[in-house]
Every structure is written in C-alpha cells, then in structure tokens.
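Starting from the known structure of chain S, fit chain H onto it as the hints suggest.
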Amino acid sequence: MEKIKTITRADMADVALGGAFLGTGGGGDPYIGKLMAEQAIGENGPVPVIGIASLDDDALIVPVAMMGAPTVMLEKLPRGDEAISALRSLEAVLGRKADAIFCIEAGGLNSTIPIAVAAAAGLPIVDGDGMGRAFPELQMVSMTMFDVHACPMAMADEKGNALVLNTVDNLSTEKFARVITVEMGGAGLIALYPMTGAQAKRAILPDSLSLIASIGRIITAEQTANRNPADRLAADLGGMRLFEGRVTDVDRRTEGGFARGQAVIEGLEAYQGRSLTLKFQNEFLLAEEDGTPAAITPDLICLLDLETGQPITTEQMAYGYRVIVFGLPSDPKWRTDHGLELVGPKYFGYDIPYQPIEDINAKN
Amino acid sequence: MFRIGVDVGGTNTDAVVMQGDQILSGVKSPTTEDVMGGVVDAVERAITDAGIEKSGVTAVMIGTTHFTNAVVERRHIARTAAVRLCLPAAQCLPPMVDWPDDMCEAVGGHFWMAKGGNEFDGRKISALDMAEIDTIAAEIGEAGIDTIAITSVFSPVSDEMERAAMARLAERLPDASFTLSSEIGRLGILERENAAIMNASLRALSERTVDAFGRALEKVGVTCPYFITQNDGTLMNRDFVQSYPVLTFASGPTNSMRGAAFLSGKTEAIVVDVGGTTTDVGALVKGFPRPASTTVDVGGVRTNFRMPDVFAIGLGGGTIVSAEGEPLSVGPKSVGYRLTQEALIFGGKTLTTSDIAVGLGLADFGDTSALTGVSPDHMQAVKAHTDNMLLNAVERMRVSPDPIPVLAVGGGSILVPEQVGDLPVIRPEHFSVANAVGAAIGQISGEVDRIFSLESKSREEALNDARKEATDKAIAAGARPDSIELLDQEDVPLAYLPGNATRIRLKVVGDMNG
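So the sequence lines, in the order shown, correspond to chains S and H. Heads up, this note's numbering is the position in the first sequence plus 23, with the first residue counted as 1. Heads up, this note's numbering is the position in the second sequence plus 6, with the first residue counted as 1.
Next up, chain H with everything else stripped away, as it sits in the complex:
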C-alpha cells in the first residue's frame, strides 16, 4: 500500500514514496526534454531507495507545469475553433478580444458566433438554429480544425445549449474533440470562454503528455492508476486531465504549499519555496493555499480560475550576486540549472547566492576554497540584502499579527534565515521535495458555482442542494464518500434580480478511493 508523488518542474523532477503518513524516500532528478526520461529515473530511484516492491504501489500522483509552460511559451498549442452561442447579444466583444496577439495567433484566432444562449433565469436569448450550426461545422471542417470550444451565455445556469450544439457539431465532425465552458469556469463569459479555448488548444498536448506519463510508469513497471494534480490541491484521473488540462495551471505552487503543510503539521503558515531562479511565497489557511482575490492572467490571458495567491521574487539558489567592490545587487538573473557548472564553488566564474550560503557556513557543498577571493564583509552584506528581500515578501503575504511559522521548502531554502522578522522558520524534513509530497497527498474535489432561486426554497435548502451536487461530483471523480468534507462555501445575493436569486459557490473534498 504505497503511493508515489512526482513533481515535474522546469529544472528537476522530484519523486517520493509514501506509506500512510510516512515518507519512505525522496529523490531529485534532472527534468529531461522528453519529460519521460526524468520521470522514469526519479520514480525508479525513489522505489529503490524506499526498498519496496513495485507491485505494492497503489497510486501515482503527478504534478506538472507542462501545460502552463506551453501557454506561456506559446508552444504545442493546437489551432482551435471558438464557438459562442449568444446572438443577438454579446457581438460587441468577440472571442479572444483581449488576448495578446501572439497567443491569439498560436490558437489561430478562429471564432464563430451563433444564435443561442440563456438569460440569468433560464429563459432563452434565442433558440439554437441547427442550420446555422451546420454551416459552422462545414467551415470548421474546411479549416481543418479538430478541437472546438463551445461557450453559451449563462451556461453555468443552463448548459443545455452547449450540449445540444456539441451533439450537432459532433455528428458533422466525428473526429473533433469538444470543450464546454460550463464544465470549466464560472460566471463571467469572457474569462470562462478564455479558459475553454485554452483548454481546447491544449487537449492534443494533454493526451500526448498523459500517455507519456503512462508509458514512463509502464517502463518502470508500475501498473497502478495515476493521477494529475490540479491548482486547488486536488487530483484528476487520466481521462479527466486529458479533457481538462487547464485545471493544472498553477498546480506547482499549490503542491509545494500543501506539501509544506503536511511535512510540518502546520495548517496556518507562510510558505517560502526557494527554487533555482525564483522564490514563491504563499499563505496557508486551514492547510490549503489562500486563493488569489482578483482575476489571474495566464500567459497574458485573463481567467477566473481559483488560483493560489502567490508572490514571486527573483531570488533562488542560482541567483547572480554582484562581485566585491561593485554596487551591491542580487538578481534577478540566475544561472538556473547551470549552477553546478557556473557557481564559484563548482569551479565556475559566477558569484551566486549558493556561494554566499556555503561561504557563510550555512550549507556544505562544492569547493569552499574557491571562495577565498570573497571577503566576509561582502558575504554578510549580500546575506543582509537577501534576508530583507525574504522579509518583505513574507510580510506581504502575512494575514495576521499572530506569530505563525514560516515554512522553508525547496532546493534553495538554505537561503532562508532562522527567523524572518518576528516569525520563526521551520525547515521540515524532506523540505527539498515538498512539492512531490504535496502531489502524493492530493485529494478529490467536487465544485458547484451556480445561481439558485430562493423563491421556492430557503437559503439552507439551496446550500444543501449545492452541497449534494458537489458531493456527487466528487464521488464520481473518485472520492471516498465517507471522507467528504466542505472546503469552501460562499453565497452572494444578486443585486436587482427578482426571485431572490443568489449565486452559490461551494467546494467539497475527500480522500482518494483505494
């Protein structure tokens, strides 16, 4: 009964083997171009170190930044058809209206607007016109596009039209894959449509990547089911992530924060995750990352996903430091994954934050004799500067005057001092693989975000209905029914609307089955 957590980062692929709450092993391996090689190496070594039988592994949980990076770098993006059911409304701002030009180009900028959509109370704006949908199908076919995002006005209230349009388009385009906005986003049509289009454009990559993970595990000889983590610390099974790759956006910081909470046993804390180039600082509330309050841009595209509130600064283990005698500066440039060639202690020519940490005796690696040319005064000055950078970042994320701990994790966390301002620093065991631990402890969730009418039922009844719907979703996604608990609940009465309309957002989580 073992679980394996894997984190595929830009620089390293980490893996841990866990049994219950015990961490049996944790390893780091360089990420490879094909992704698979790094996963195979890390998982094999983690299993060997733990000394377990492969057949005893019951689940593998993988966290990956692959899809976020694809959007940010505009790579592996498929040409996508955006279909919006709205006419005669919503013509003034067509799909992708506020996208950066290069991202719009990457998906091809193909969109169609058609009759359809609902009012807030479920009335139709106009009926779906099947002849119009057939014309769109023909044009999509001619353009040679095989992934389609469908967005209908008020589809979080009624998804009927998105489904009907999908059924018709699928008859005409049997090879196409579909993303429905109602399955991904919340109210706010532009943000929800953006997420649907990005999702559609990533589906082919998602299928390839998920297959590659499967083949990597097969190569290692692990045959159990595997899961991918999403941005709220919960898990998706392989079919689900193939359909909804956008839900992995920002899962990296979430995993490291959840891992830090687990490793330290703290549920209220500031987490400082120091990597090679940047440091992510976030806040834990009840063991989960605090969500960002505003809309979040992904690669310049506005979305309304629930993302962790993360403050990033240009400080990492490979950050370049000014030489002695020059005006003091730290970063934001970094030698990144070339640390083991370019840092002084590894025989290189560049002074980095890792050199300073080793020089001051805070860490012990590399060749200290290479640091004879750097004076203790300079090292102390740099250290004071980096301590101050971390203090500012931590203060920014702090939610209360209570002396909650700072959890230092990540490969570069030797840079974090023993105390940040008045807050004590905890370095949990296995701190360098906290993100893989966060993946390994991922939970299954179910979410509802819809407008309910309180005309014929009480607020309490509406919340109960929503809770049941979310619970059913979580169970369908693989959660153990008896472990389900409410994670977050919010209801916002909608101004000016009659019938006491209220918008309920609610999320439940549960432990994974098996």
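Same shape as in the complex, but just chain S:
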C-alpha cells in the first residue's frame, strides 16, 4: 500500500469512496465532508499527512469528528467553523495549541470531516484512526484500550455553543455527549481524546488514511475498467467475497436510539439456493448463513453494489438491490480481550463467541 504524503483536492473523491467502503454500512455518506474538504483545501492548500513514526513524542494530537445522526448533517449542513470552535475550546482548557489533527473513525462522514478541519486550521493530519472502520459509539476506539481519556472533550454547534465535558470514563463521556447532541439539533462537532505523540504511537491504528485513499483508488480504477472491484479489493487488502445475491427482506426498528435490524440476501450465481442474513446496528455487525456466522464484529462487513461496486449503507439498502457481501479482517488490536469487550458481538447483544473471519471462511 502506497503511503499518502499530502491530501489534495483531487484526492478527495477517492478518499470519500474509501471512507464509504470502511463505513461498513454506517457512519453516513462522506459526501458532505468531501465537499467541505474540497473547499477548505481550495482555500488553504493541500493537507500534509504525518506518518505515525515521524510524530514528535510531545506533540499534541487532537481528533475531531461529527457526533450524532448523519441524516441530520445531510440536511442541516454545518456553519463551517464548529469543529474549529470545538478545537479552540479544548486548546483553551489544555493551555496549548494542537500540533496535528486526527481522524477518529475511518468510515463514513467522519473519514472526510477531519481533513476539512485540518485544511481550515492549517494543521497536518496523522495517518491513522481510532477504529479502522465505523462504529456507533465514541468509546469504541483503540485509544480506550490504552488508557487515553476521551475527556476533556469539547462539543460545538452552529449557534456558537461550545461545551467542555469532564467525565469519569469514556463510556460516561458517550452517555452525556449523546444527550447534548440531541439538544444541539441531532448532531454536533466534537474535539476529544487529546493525546501526545508518544501516546498516539501506542494507541492508534496506523496508516488508515493511506488505506482509505488506496481503497478509493482501487474502486475507481476497477469501475473505470468496467470490473467489479471486489476481486482486486480481496487480493490487495486480504479480504474476501462472502456472498453474492439479492436483498429480499429488510427489517428495521429503533432500539435504544439505534437503527437495528436485519436484511436477508438470497444467493445469485454461484451462491444460488443459499441465503445470508446480515444483522446491523447502524453498521453491519454479523453475517450468518443458516444460523452459522460467516463474519462477526469487529471484522468488517461491507455491502457493495453487484454491478458498480459502489458501497451501500444500511439506510440505503432496499428490497431488490443486488449486492456483494465483502469481509475484511479487523485490526489485531480489536481481537484482544479488551478490544472484544468494547466492540465484540456480546457488547452488541449477539450471544455468540467471536471467531476471526479468516478462520471461519477457511473451513468452508
């Protein structure tokens, strides 16, 4: 994988596509963040990307993100300076300036927003992220496993409100912040998990921006050549095609503030006569065939349009779509006991033990 050194305006289309792929069905359409980044880069120039190895140990790294319902952000667009306002509030509390921006979530809308913020703030962005994909809650980041605290955390809205939170642990941060996003109109911009370069080297997942860009480039190149990108993505990323078929049922319901549900996919071509069930909670979390798991969170389950290879979100998914279900092993950090406690099947209410996607599918 080629390491990305700067992100230019022209790179943003690929970044948004790669971000949609790693959204694993959730996280929102990266389109709005892409436009914001294109505009900010147009005004302030390309964003330098720092590899994790070249971070100064005492540099201050600050992740920024959107928190709340992506559907809201696609309707109530940001004023534009909310994230900077959150960043400045956090800097005021810490008594020092940030040296680099960081992307908390490599999938969905949050894959593109930090790039816009970095361009607007005139700061570099670190090549890495806290999830390697999208997850629904803010404590679900690798930093939680390495004792990096989400707080102090700053939240800002378009009206000029800026709040700073101090909570006892990262799960509490999630609970309080979630309530505030609702008061902010369903979504807000946040700056949190301030950390030093030394902490970041231990606690983050490396090379995520390079990965996003290269996934986007592969999808674009394969689409241009009229090929479905699944095969090349499998070969280049160590992923696998899990299933191919047509969506025949989508059952959605709201539980505990999340869009939960499941979709049934009836096999086509080589998968004819078989049926796969996808369970989701904003993101795809579990793929099962006849009650036997084919992929389990935190491993990545991505849905691609069968013809174009375009990533499909859980909200877009509808009866009749022809899709490829694509699986990708998660970062090894997620496969530890602590990682599985945060984002494994049990946390999401699926009473099954985690098994790595490679092991499950090697047996077949």
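These aren't lab readings, by the way, just hints derived from the structure by calculation. Fair warning: this is a prediction, and the values are worked out from it, not measured in the lab. Keep in mind that the hints are not guaranteed to be accurate.
[Stated by the list, open to error] In the EDC-like style, the derived pairs of lysine to aspartate or glutamate whose C-alpha atoms are separated by at most 20 angstroms in a straight line are:
1) K130/H x E206/S
2) K292/H x D104/S
3) K182/S x D135/H
4) K121/H x E381/S
5) K182/S x E138/H
6) K182/S x D127/H
[Said to hold, decoys possible] Here are some chain S residues the structure puts well away from chain H; computed CB gaps all over 10 angstroms:
7) D170
8) G183
9) A221
10) D360
11) P379
By construction, the Cβ of each residue, glycine as well, lies at the ideal position given by its N, Cα and C atoms.
Below, chain H alone, put in the same frame as chain S:
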C-alpha cells in the same frame, strides 16, 4: 371515450389513440424544431388512422424529454435566485457549490442565505428576519430576476418558513414566480435545493412549452384536458407541470417501460428499448420501472429524485459498423436521424446496424441490392457482436435467475435476437410506439416523505396518517378515489434521535378521473 398518448423524443414524435385497453392507431412523425409541428402532425394522423371523431377524445397525455434536454444542453435556462433559510447553520456549503461551472453560469449563480430553518423535531434554528428578507427582495429586484427557489433546512418536516418567506418576497416582487423545495424533494438539503433551483430555472420554458402543446392540440381541434407524464409513470395536469417541470426528468425511459408492460401484459420483465443511437435497458417490477438506488445526476447536477434504473449502451438502428476488412467495431457513433440518407440501403455510404439487420433478412426495408459488397461472414460477425452487447446489458439489469421475458420495443428493436441468453424475447404489437402507449396509460400519484415521531402514536398509525396524506394529495391531483392503491412504502427509523423518530416514504397511485 378515447385517449391519445404522445411521446416527443429527440428524433421522433409518436402518437397513439387508445380506447380502454385497445390501441386503435399508432404513428411516428419527425420531431420539429418548434415541437408543435411534430405534435400536430402525429396527433392528426393518429386520429385519422383510428377513424374516430375528435370530439370523442377525453384526454391527451404527453411525454417529453424537452426539460431534461434543456438542462443537459444548458439552453432556455432562466436566471434564478436561490434563497436558503438556514443561518447560522449551513454556510459552509452555499447553494450550487457542487454544480458544473457552465450550469452554474446558465442560472447565473445568484444566491442568498438568510436566518431561518428548522431542527429535525420542528424547533427553529432561528426565526425568520423580515428585514433581511426585504433586503434580499430588493437585491433580487435590482438584479432583474423573476424566478426564485426557496429552500429551508428540514422543510420536509416543516414548510412554514419557506411559505412565510415566499409570502413576504411576493409582496415585494409581485411578478416573481416561486419554487419551494419542500414541494419537490426529500431530505438531503443539497439535492433538494438543486432540484428546486433547476425547477425555478425551467419554469418560463415550461410555461412556453405547455402553452405550445395546448396550441398544437387546439390546432388539431382537440379541446379536452391534457397531461404531462412524470418520471414515475404518473401524470401531471397543465398547471402542475408549469410549476414543477423537473418532475418530467427521465420520463422517457419510464414511458417506454410502462408501455412495454402494458403491451405485453408482463409485469416482471427486462425492457430493451432500441432507439436510433442508444439502447436503454431497464427492469420492470410489478409493472413499474425499478428505481435507481443511488443519487442521480441530471446534466452534472446531483439530485435525489426517484428515477428509473436505466443502463444505456451505444447501440441503435443508426449505429455505425466497421467496414469489411477493418477491425470489428460497433458504435458508439450513429448516423441518428440521418439514417434514411446515410445508410447503404437508403443509397448512402455508411454501413449501419440497420443494413446488417436487412442484409441478414431480419427486417425488410430499403434497397437490399446496395449490400452486395458486404459478405455474409462480416454480417454474422457484427450480429454476434451486437447480440453480445445486448446480452451483457440485459444480464446487468436482471434481478433474479427466474426466466423472465425480455420485452423488445422501440424503432430499432429489430436488432434484438429471438433469445437473449436463456431469456425469451417478446416483441409486443405496436412495439415501436411503446413510449406513447406508456404516456397514454399514465396514472395519478400522491407521495409523502417526512419524519414522524412515534412518541404518541404507533408505527401503524403513523403509516396510516402518511397513507391518508398521500391519498389526499393524489385526489387533489385528479385521481379517482376508488382506484387508489399503495405503490411503495418504506420506513427508516432515524439513528440516535429520541422520540422514536422514523422517516416514512410512501406513494399511492390511482387512475385518472374521467
């Protein structure tokens, strides 16, 4: 009790006369520069062929690609004022931010952002400031713009601010016409605003065109009401289309698919519509075109209309074929409407797919003796190539392994073989005017797309409310109440929002009154 369906295409204007389910006549006539001439000729001939009295015609339904073409070609677009009610939110991405430069130039790129807009639950982002609206009115007046698109944040949840701003602007600018985003699009402000701005920019053209259709029918001597078809196979009356021309976008492929369904009696099928230059392939589900899953670009502008999922390939009756001895190639260039001058069988010098079809005995027109220089081997090779192009396109749109039929329609459908892969091909009667038939059978619809709170009511009650609202809309648009049925229903719970907020999209259709 007769209906007339008309399809105004880029090359031909087609017309059919129908009585109930019977097709009494179907004719093709070249489309004229002024549009009217072609309509007059086609309708007159269709009436004469059917042998009916003009006074017996109760409705005329017209499908047209005129407004799509205006956007694609950047012609007849009026300078438009885009007003967004959003501040302090949404400043970072102003109206038309992602438009192609030439389209932005065509509408003038004039926009204003003002205080206003709602939150997802109806709370105000900020109150409307009438002094600010008055200033905007003065600036729009000074710029000499008379068509205005108003978009407010979360207007699909509450359209109150769009209406209040319109009322105030109309007081100051009595001659202006207005497009409200809440009346056109769904959630997703950029896409909805794009549609509103394009709609506003097409209103003057729409008024001229709809008037021209009216005058054409008057000239023929047909005095009944007339309707224009929209992209979901349903109809709009003349006042409605004057206000909402964008809803005609992509109505052409919809009409040909609906017409093919009607003519063949099939409701699950792949439709292959072969024109002069391109072939559109789409899928029928329950007799309606399958909608596209992603956002659809119109002339480079992103919209979230419900559009039919169509795969187009560069193969038509006028497609140019490589000469014998050259490396085999088919298209995408076409002689288009000059087929009757340039094809070999019509005394021209260009080898086309129509020459091949005639040479192989699949069709009988033109002068076959002009084909003596083309060997049967070359013809077979070209035929194998075009068969393969069609097979790939059909497989792409196919939704299941079931052996559903392929419906071949359109003037160039002689190019479609008897079988595409394992699928049988049906060529319904009147196949060449399927799009005019699709227009003639258009239905009236009503649609709702809004966020409902399930705090105080059940999901079932919310769906019932939505169904009633859509039904009322359909009846107001001219549907017969007893014929209304649910076409499509979807509800998506919104993540993270309290009060069990759910987004319901729902559409009903009914037969036209009278």
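Now the hints, each set against the structure:
{"no.": "1", "hint": "K130/H x E206/S", "in the structure": "12 angstroms, holds"}
{"no.": "2", "hint": "K292/H x D104/S", "in the structure": "48 angstroms, violated"}
{"no.": "3", "hint": "K182/S x D135/H", "in the structure": "16 angstroms, holds"}
{"no.": "4", "hint": "K121/H x E381/S", "in the structure": "54 angstroms, violated"}
{"no.": "5", "hint": "K182/S x E138/H", "in the structure": "18 angstroms, holds"}
{"no.": "6", "hint": "K182/S x D127/H", "in the structure": "17 angstroms, holds"}
{"no.": "7", "hint": "D170", "in the structure": "27 angstroms, holds"}
{"no.": "8", "hint": "G183", "in the structure": "7 angstroms, violated"}
{"no.": "9", "hint": "A221", "in the structure": "34 angstroms, holds"}
{"no.": "10", "hint": "D360", "in the structure": "28 angstroms, holds"}
{"no.": "11", "hint": "P379", "in the structure": "28 angstroms, holds"}
Violated hints for the displayed structure, listed by number in ascending order: 2, 4 and 8.
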